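When you get a sec, could you build the whole thing from the sequences and use the hints?
Each protein sequence line maps, in turn, to chains A and B.
Using this note's numbering, read the first sequence as starting at 3 and increasing by one per residue.
Using this note's numbering, read the second sequence as starting at 29 and increasing by one per residue.
These are calculated hints, taken from the structure and not from any lab test.
Please read all numbers here as calculations on a predicted model, not as lab measurements.
Just so it is clear, CB atoms sit at the ideal spot from N, CA and C, and this is done for glycine as well.
Do not rely on the hints blindly, as some may be mistaken.
[As the list claims (entries may be wrong)] These stretches of chain B come out as covered by chain A in the derived footprint (C-beta under 8 Å, 3 or more residues):
1. 153–166
2. 170–179
3. 263–275
4. 410–419
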Amino acid sequence: MPDLDRREFLKIVGLSAGAAATVACEEPVQKIIPYLNQPEEIVPGVPTWYASTCRECPNACAIQVKTREGRPIKVEGNPDDPVTGGKVCVRGQAGLYRTYDADRFRGPMKREGDKLVSASWEEALASLAGRLRPLLDSGKVAWLGPQDTRVSGEAVEAFMRAIGGQQPLRYEALAWESLRSANERIFGVDAIPQFDFGASDLVVSFGADFEETWLNPVANQRGYADARRDGKGFGVWVGPRLSMTGADMDQWIAPKPGSEILIALALANEVARRKGSSLGAAKAIISRFTAGSVAAQTGVEAGVIEGLAQRISEAAAPLALPPGNELVGTNGTAFAAAVQLLNVASGAIGKTVRFGPNRELGKVGRFRNMKELAGAMRGGKVAVLFVKDANPVYSVPEAFGFEDALEQVPFIVSFSSANDETTAHADLVLPNNTPFESWDELEPVSGLRLLQQPTLRPLFDTRPTAEVLAELAQSVGRGERMPSGDVRTRIASGLSGRLDAVLAKGGEGAPARTVRVSLANDLSGLDFSPAALEGEGELVLLAYPSLHFYDGRSARIQRLQEVPDPVTKTMWGSYAEIHPDTAERLDLERGDVVRIRTGAGQIELPVFPHEAIRPDVVAVAIGQGHRPVDPDPDLSERWQNHDWLGLADVHGVNVLSVLPGKIDPVSGGLAWLSTKAAVEKTGERRHVVASQGTFKQEGRGIARETTLAAVLGQEPAPRDAPELIVKDYDPARDSAQDSPYRWGMSIDLDACSGCNACITACAQENNIPTVGEEMVRVGREMQWIRLERYAERGDDGLDVRKAVMLCQQCGAAPCENVCPVYATYHTGEGLNAMVYNRCIGTRYCSNNCPYKVRRFNYLPYDFEVREPVNWALNPDVTVRSKGVMEKCTFCVQRIQEQKFEAKKAGRLVADGDITPACAQTCPSNAIVFGNLKDPASRVSRLWQDPRAYNALKQLNTRPAIASLKQIDRRSRKAGARPQGGDHGNSEHS
Amino acid sequence: MVSVTDSSPETPTQISDEVFRTLEPPTPIYVLAVLFVMLLVGAAIAGLAYQTYAGFGGIGVTGLMHPVMWGVYITCFVFWVGIAHAGTLISAVLYLFRARWRNAINRSAEAMTVFAVITAALFPLIHIGRLWKFYFMLPYPNQRQLWVNFKSPLEWDVFAVQTYMIISILFFFVGLIPDLAAARDRCTDWRKYLYTALALGWRGTSEQWRHHARAVLHLSGLATPLVLSVHSVVSWDFAMSLVPGWHTTIFAPYFVAGAIFSGIAMVITLIVPVRKAFGLEGVIRAEHFDNMGKFLLLTSCIVGYSYGVEYFMAWYSGNVFEQQSFWARAFGDYWWASWTMIICNVVVPLPLWFKRVRLSVVAMWIISIFVNIGMWFERFVIITTGLSHEYDSSAWGYYTPGLVEITILIGSFAWFFMWFLIALRLIPMVAISEVKELYFHDQEAKAGTG
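Written out as structure tokens, the structure is:
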């Protein structure tokens with residue numbers, strides 16, 4: 003460029019700098035490219051649904067996977083599943099991220115020095131075959147896996163037999179061993195029976211968090227909610243900490259930690275005496291325990307126990323739940339036996355506790371097998387260890403020295419699809435396909451066979467373990483001993499119907515019939531005394547399984563890290579929960595870091611004082627505190643470049659590391675409640691990452707209650723505070739006159755358990771980003787639904803309430819008036835629509851929203867940086883750019899879809915056609931969506947319920963969501979009044 | 029205590045000499061000062077670029093959060109709009125009231141107004157999430173038939189602030205014309221061309237003076253309602269919402285009084301060093317400080333009374349949300365901001381009841397700085413305490429401003445001072461013609477009585 007003088011140059015520089023600066027603000031434009039060759043079964047824009055099975059925990063619920071253009075984007079329950087009825091829990095909703103996991107192994111890996119490096123399948127298999135050949139029939143090859151699927155499990159068994167290895171060990175951290183042993187002693191059956199919540203009118207839970215992790219929480223919650231409709235049913239929680247499940251029950255009995263067994267025994271005795279039931283040989287033992295005799299040891303008044311015994315005796319179908327994992331101590335089997343004796347005394351066995359169909363989970367290996375394996379490894383009796391999807395380095399307390407034993411094994415092969423603490427020791431990684439990529443078959447309860455089918459092609463260079471094993475067997479010359487055919491053929495051959503037909507339904511068979519059990523009553527060696535709590539310190543350490551992370555396996559899923567804990571509303575970390583009085587005594591405030599010291603070690607974490615816990619207990623959830631393991635080295639650079647989320651699982655502390663490693667001598671299972679802990683202030687402070695500002699309502703009437711008698715029509719409903727009583731309005735008038743629809747919702751707060759499934763379903767459906775710990779710390783979480791939890795200490799005990807807060811789609815919406823650009827406006831169908839492309843981000847709408855349900859994209863939280871996480875995006879929903887406000891739309895994409903269907907059929911949308919993601923997954927069926935202009939719709943009828951109220955109605959926002967009041971737990975405890983009572987003469991007690 | 033010297037200049041020529049001293053070649057201190065504020069402005073621009081940059085930037089680089097979605101930026105917006113009020117008040121309202129003492133300070137007050145409005149107008153842009161779409165707020169015809177929402181107080185702001193900006197620039201400029209002509213006549217360097225162009229051919233004929241006087245009068249008439257309207261509209265950003273602590277009818281007069289309070293304080297803050305640096309003691313005299321002190325005192329009382337009324341109404345309403353919001357304002361997480369505000373705005377100005385204090389330049393200057401701080405905090409307190417403590421107690425939160433916000437806050441002051449410093453050297457900072465007019469009035473008065 004010879005003519006370019008100084009001035010020209012400056013002009014060009016200025017112009018291009020200006021242009022660059024202007025362009026730099028805008029998000030890059032992405033083009034949609036149509037298929038060149040359209041696959042036959044895919045119609046762009048039309049989802050394909052596949053029936054499959056959820057594998058996030060051993061319970062295996064039937065699911066349907068929604069795929070778009072060949073990518074699974076959403077998981078919903080399969081309504082044909084007789085166990086769960088089409089519901090999925092919080093973990094199941096986020097299960098897709100195990101497949102769309104940026105840190106998964108992308109292919110086989112081999113160890114070079116202290117690093118894992120990529121290898122080819124041929125190379126990896128050849129080297130493994132070379133190692134195995136000299137070990138054939140030596141018994142020095144061991145297998146460690148989880149509760150497995152049928153085909154894959156059979157392949158493992160066959161392979162281990164073929165090469166003459168040890169019997170494979172199926173290990174689950176939460177294995178209900180005390181329950182199995184107790185059943186063996188009392189009924190002569192080593193099994194996990196069915197607990198029928200739906201048929202039960204009284205549930206007494208001994209620390210069994212049946213709506214969180216205890217057996218199948220989805221089925222449990224569904225049954226429990228069903229049984230409680232219209233004020234029926236009653237729940238009692240016995241345990242030191244009021245868990246989410248406990249808060250969903252009506253009476254909280256908090257005996258001294260460890261002494262809960264005595265309550266069970268006294269109840270069994272009292273109930274047996276009242277009902278005259280036969281307990282056989284056990285009678286002699288338990289007759290020692292009366293309400294009076296255990297009162298002193300448990301700290302629970304005799305009257306309370308007697309009252310409960312009376313209630314159980316009178317109940318039509320009572321159900322007592324054997325101890326939840328958190329309460330299993332060294333007396334675990336005796337405790338479970340005591341509860342089962344209570345079930346015998348109350349007549350629950352065969353009615354609400356049924357043997358058959360039994361849970362497959364009752365067949366996994368025992369903790370003592372795990373110890374034996376560790377012993378064998380330490381003794382050099384294991385030359386090759388295969389590990390698949392089991393992480394005992396994390397989940398077995400350090401006191402057992404599993405990791406040291408592992409280091410004695412010369413060669414470890416992992417089939418896990420992502421790295422974890424155990425796989426980090428592997429010399430060879432042969433990654434399995436994830437459940438969303440593979441065929442298999444499961445039997446969650448005996449008789450019911452669920453199929454699992456791939457919903458997308460394997461994302462990476464992974465192979466199904468069953469086929470890898472077959473190939474291995476082949477190359478060591480034992481191929482003929484393996485089952486023939488690929489996984490799909492083997493599934494098809496075992497079915498009674500055609501594979502296609504069975505796949506369409508998701509499975510076949512029905513839960514097995516109930517078998518009668520008789521009392522065996524072998525109580526020898528059972529020590530019916532409180533759990534031994536060793537160690538120094540004044541507080542008892544309660545390690546409880548976590549709703550979000552189960553035994554720790556789900557901690558790597560960021561979505562689950564960012565959904566607030568149902569009780570503490572904390573995210574992304576571990577917290578030591580203590581009672582406020584204890585906090586005051588120890589001079590601790592929320593966020594003060596404490597050192598929890600037991601005989602086995604110490605952990606440091608911030609405290610979280612809250613009311614719903616005994617003052618002599620410190621509780622920590624398990625599941626957090628994973629050790630950082632090197633991700634695939636190819637990925638580490640990507641991490642460094644894009645990481646503001648951090649490795650999802652490296653948060654908090656692992657409370658299992660300070661459990662002293664006691665076992666229940668009868669079952670051989672781990673004793674969770676086994677130690678005291680010394681809690682010391684360190685002086686350090688850490689920010690508590692929580693979604694909730696305060697746990698007090700401050701008299702604002704957001705979560706309201708009514709009484710049981712009012713629900714039953716026996717007394718007038720308690721009046722709201724005067725300032726909350728305002729004129730009624732007709733929500734049907736808040737849409738255009740010529741529109742047949744006004745969308746609305748009702749949420750039954752009495753049915754809601756607070757299980758967070760709706761939040762996760764909503765996030766998956768609506769492309770809501772996870773923003774990471776740093777963002778959440780400053781209060782920028784993005785979830786559109788907020789489950790509010792209130793715990794206030796009143797004159798008559800602790801008052802725990804909840805509220806579900808999402809966009810109310812107000813008829814007179816304060817957000818709409820203040821938007822200068824009409825980015826949010828009222829549609830003809832009464833929705834507050836949000837036009838993301840029009841939004842300039844003044845954020846006035848959020849300020850003016852009294853419900854505080856609008857969320858702002860503070861930074862570019864796009865999914866781009868997390869390939870392949872962005873594959874889970876729902877193409878029907880706009881991905882919001884930075885600087886844009888977003889909020890609940892009542893799943894407007896689902897509304898549009900059904901309106902379109904109705905239009906094609908020449909009719910109006912019928913009630914029940916449209917189900918938003920939150921309502922779809924709610925195991926309690928607490929959320930009902932529908933048309934408020936149709937007086938016959940379910941939602942319109944629920945609006946007429948005397949329990950219905952609108953939050954903050956006094957602001958004249960005309961919300962389209964009615965909440966149904968919770969029924970006051972105290973009034974539930976008092977019970978319904980005898981029929982025919984005189985209404986005029988009511989006395990308040 | 030340095031007393032204000034009350035020496036009137038002798039002759040009209042001396043007045044001109046004294047004022048035009050500001051246009052003499054700059055001292056090194058001046059150059060350093062300009063460079064320093066430019067550096068701070070540069071830092072703020074870098075902060076804004078960081079906030080806007082496509083790759084990783086966003087409003088998230090500030091401390092804003094859920095539920096406090098407005099913070100330092102909106103505080104600054106309201107603050108600078110408030111500062112902009114004194115200029116028009118002094119120029120237009122006092123002109124109409126024939127308060128002649130204004131003549132000595134109106135030029136700097138008007139300049140301050142223009143620069144403050146320009147500063148204020150930047151903040152809504154800095155604040156919005158998608159800066160590059162700011163034009164969505166303007167009602168322009170477009171193919172998609174998208175229109176703005178005239179129900180939104182933010183849209184009212186767009187018009188109120190623009191109107192105010194145009195009127196105040198016009199007012200400033202019309203008042204400047206005779207002085208620019210005078211400068212043109214004295215100037216010999218490059219600025220002569222500038223002044224020639226800007227003086228619009230002013231020759232000082234009686235015809236021109238007549239037109240000029242009419243123009244000033246009419247513009248005063250136009251500007252006077254704006255003094256009340258602009259800050260009323262700004263206050264409605266808050267009052268029209270339903271946020272407890274925002275939703276009150278007192279806001280319009282309360283904000284206008286506050287705006288005048290802060291505006292006068294800023295005039296004092298600026299004029300004291302200018303007077304000292306350029307030796308304008310003869311022109312800006314004791315009576316001016318006395319009068320401004322009275323003004324400060326009056327508006328401080330109004331503001332203090334408004335604080336009281338707010339708390340009283342919250343209590344008297346029986347409304348649990350209002351009561352708790354104000355309880356939290358005084359004793360909650362933001363107690364420090366609330367008490368800073370009350371001390372600076374209500375307690376610190378109390379000595380102004382004494383004439384001795386009003387006549388002390390140093391005391392006035394210190395008090396004015398406290399008032400500036402207090403008035404900034406007033407807006408901060410209203411915005412953040414209201415938002416952090418709204419209806420749903422589960423959604424309460426605590427907002428801490430981020431580094432970028434602080435940088436831009438400091439940068440906004442630097443930006444304002446930068447323009448003021450540049451203007452000091454380019455335009456006569458005292459309205460020469462008006463001061464001369466005053467001089468001749470005095471002469472006539474003396475002659476008449478003597």
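So, going through the hints one by one against the coordinates:
no., hint, in the structure
1, 153–166, "holds (count 10)"
2, 170–179, "holds (count 5)"
3, 263–275, "holds (count 5)"
4, 410–419, "holds (count 3)"
Hint check: no violations occur; every hint is consistent with the structure.
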